[in-house]
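Visitor: From first to last, the protein sequence lines stand for chains A and B. Under our numbering, the residues of the first sequence are numbered 1 to 573, in order. Under our numbering, the residues of the second sequence are numbered 1 to 423, in order.
Hints were generated in silico from the structure; no laboratory data involved. Every value quoted in this text rests on a predicted model; they were computed, and no experiment measured them. A couple of the hints might just be wrong.
Claimed, not checked - Some chain B residues near chain A, calculated using beta-carbon distances under 7 Å: (1) Ser342; (2) Cys343; (3) Gly344; (4) Pro348; (5) Gln385.
Don't be surprised by glycine CBs; every beta carbon is placed ideally from N, CA and C.
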Amino acid sequence: MAKIKINNMPLNVPDGITILEAAKENNFNIPTLCYYPDLDIKSDCRVCVVEVKGHKGLSTSCSTPIYDGMEIKINSPRAQNARKAIVEMMLANHDANCTACVRNMNCELQRLAESLGIHENRFDTVLQEKAIEQSNPSIVRNANRCIKCGRCVDVCKTVQGMSVLETAGRSHDAQVSPAYGKELKDVFCTYCGQCSAVCPVGAIMEKDHTHNVWDALDNGDKHVIVQVAPAIRVSLGEELNLPLGSIVTGKMVAALKMLGFDRVFDTNFTADLTIIEEGHELIGRLKERGKLPLITSCCPGWINYCEQEFPDLIDHLSSCKSPQQMFGSLAKTYYAQREGINPDDIYVVSVMPCTAKKFEAERPEMRVNGKDPDVDAVLTTRELAKMIKQMGIDFDNLREQKFDKPDEVTSGAAAIFGATGGVMEAALRSVKEILEERPLEKLDFDTVRGTDGIREAEVEISGQTHHVAVAHTLANARTLAQKVREGGTPYSFIEIMACPGGCVGGGGQPYGTTSERSRERIYSIYQVDRLTKIRKSHDNAAVMNLYSNYLGDPSGEKAHELLHTHYVNRRKK
Amino acid sequence: MMREHKLITARIGKINPESIDDYLKHDGYTMLEKALSMRRIEIHDHFEASRLRGRGGAGFPVAVKLMALAKESRTPKYVVCNADEGEPGNFKDRYLMENNPHQIIEGMLIAAYATVATEGYIYIRGEYANAMRIMQKALDDARERGFLGKNILNKRFSFDIEIRSGAGSYVCGEEFALLESIEGKAGRTRVKPPFPTSVGLFGQPTLINNVETLATFPSIIDMGGKAYAEIGTETSTGTKLISLSGNIKHKGVFEVPFGMSMRDIIEKLGGGVPGGHKIKMIQLGGACGPIIPEYMLDMVIDFERFEEFESKTGAGAIIVIDDRFDVFDILRRISAFFEHESCGKCTPCREGNLHMLKTVEKFVNYNATDKDLNALESLARVMHQTSLCGLGQTAPTAVISTLHYFRFAYLNRIEESNIEEAV
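Based on the sequences and whatever the hints tell you, model everything.
Guide: Structure representation (structure tokens):
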């Protein structure tokens, strides 16, 4: 322990921590901006400077370790003035038209300016208007709002191992940009959207689909249906001021009905369907000595990555569409037929924790009629929260409602799709039981759970040992994919999710997502699983009815036509 | 004390810099031989006794760095020579490289032996094509004669040196930006701590010193640390290369002992200001140094004395500016320089230099108010106190020093500006 003083208060703090951490332990929240849990300490923004006795300049609290006898002043006029001046300089080179910004009232720079008491700026504006990049389906970059904190660069480089975004130029011309000023669509970007989730301001955002959805809801000729991904119910609450990890399934359904959707469905239903299809694909490959390991394909960030960086592994990818797209194709075929609605009049919206899903929905392969997208609009968790706020819905006080049929019946196996290892576990529950033809003794496959970057496990099926592996984040995906490329891996089945923690940490999740918060959401997801009556996808009678009434056999002709897809080498020169 | 004290420049003029034979004839590489015959701890004792401080600008005690690197057990360890002499008004490192390259190599070898480092880099400023050519030839010759490579002088000591260069960025003279540049990345500094001696080049323990500092190492082995410490003053030992330029008769590099007054350097060594003009001010250290008035010239060259400018001695440049020049024109050039050279990593330097330039321009254009004066003063202080690296911390030095020593110039300019302040 070290004895230090903060604002003259004597305190005992553990050795080796930073001023920022020591202050936080003692209930001082020193303002920060470039600092972000899980990311490197950059100390670029200099917002967290404090005065330390004996230090010549001011010291950044995020990067300065404490030592015994250290005397820190957060409150000195010198430090306060410096923090203020630094934020004023940022504001002078920032499009501060706050009311025109998606981050208004949810912006870290705005909050900082408010808490530092900045009411006028001593610096004249020096902003030079730059073009807004919106040429891809997922991500919008507005350089006029960028304050060069470097978080996006850092998350792209260190968490995802991609380095798509870099800092280019120098002095006040410094900009965050892909190499050589290219656009994201022209470089190796997977649209995972982690950059948009860590951006403190409105400089990197998901492409806004809320307007399209409002228009569709207003269009009397359209039958507007919505599906909600497994990870949304454990994270949406955070954007609406509910405690971390709140499970808000029923209120969310109620809110969606209040927004005007004709039907509210659960993507968990098609997640169960995915397990049946993917499970049969795996069983087929195991029996017929097909291409192994089979690698999951429900994560569009990973698919984008694989098609660009590991096109030679495309044969390993499951040909199953993701749950989002299975829902889309069924909505415009089976559902349209059942309800007697012209498919052209059905407008399918999905709510996803993901920005890459917007890209996935626009892929030409994802159009059962050959021209229109099966999924018409994709909202992120943040966008749905925004729509709920726009309607002035008193979310916390809503009476819980159930999903519409048939999707009200879903399994716990589908629920855990939202956590890293979840698809693996869901598949194992079904594959093992189907192959062994007797009930599972234990439903929880604990060895594939957890948050280690790459996890390996051995699973006994019919007396035979199968090796499986799970990876999350693209950096870990690269490591695992490289192993597969080199050959000789023992794995039969691999699950890969592009985002840290899986979909709970997706690029479309609430601002302020950290690994710590993701772990809470994962906990809630397994809670949903435990509380669900049906825990195995193949026990979902509604799904099995769909096969007998419409699809025929799993992996059969009709199933292949509607539920499977193919991949292409999209390597950029 | 009006003459040069030629210690590290003693051989210059006597040898052909491109001939290793010449260097050897003048006892070249004998100090390496001597060092290799010593126990490492003895070498460290000599450096400690010498009280040598870094000559690149910051004046950090050399023995402390050497010992820190020696104590690191992680390998490989690197010795990096900072020859990115980008500070305007400085040209003494080029002078050493072009006129006595082997002495720098010998100094690096001594440093490597003392710290058990195995690989070295000389990072030479991109514009120094001639120095680069001469250093490369010196390295090739030294390697051919067995002073670089494996088992140097048949001892269990191996070390080799490569030259690296950047694309011409001032900030690459900052040690971390320099290391990033060697690694092939954009020249931007890193967060400290850790310091280079623990996590430096390619994440390995690294000693990084200026050309002049390393060129002094053979002299310390030669004379012994104690004898070296007798040169100069109590607080600043040894000699210093001064790059003298501006409105002065004899421009050039002079080696003087610490303790010589600036007036002596300018008048006795530099021959004073030509054309009957008078000195108005000098800038000390380079663009990042303080601008001081003529009446302060009796101040002696000394690390401690210069502390009051919060800029130390800098790298030893003296830029003489005579009475024909306007202080604001000078400041505008300096501010424009930093506005161009900031790497853009930290906020106060990235944004601050532009605001500083704009404010200085108001004074240049007779367009300034009291408010501008206050803003400039506050901005300069914030940049100095909060910037991440030396560039941003010292970019406002010229402004800060003139606000102090030439305050009347600011006040007069505001009065002459005739701007009605908005009430």
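Visitor: Each hint should be assessed against the structure and marked as holding or not.
Guide: Right, here's what the structure says about each hint:
1. Ser342: Cβ of Ser342/B sits 4 Å from chain A, so the hint holds.
2. Cys343: 5 Å, holds
3. Gly344: With Cβ-Cβ at 3 Å, under 7 Å, it holds.
4. Pro348: The hint holds - Pro348/B has a Cβ within 7 Å of chain A, the shortest such distance being about 6 Å.
5. Gln385: 4 Å, holds
Violated hints for the displayed structure: none, as all numbered hints are satisfied.
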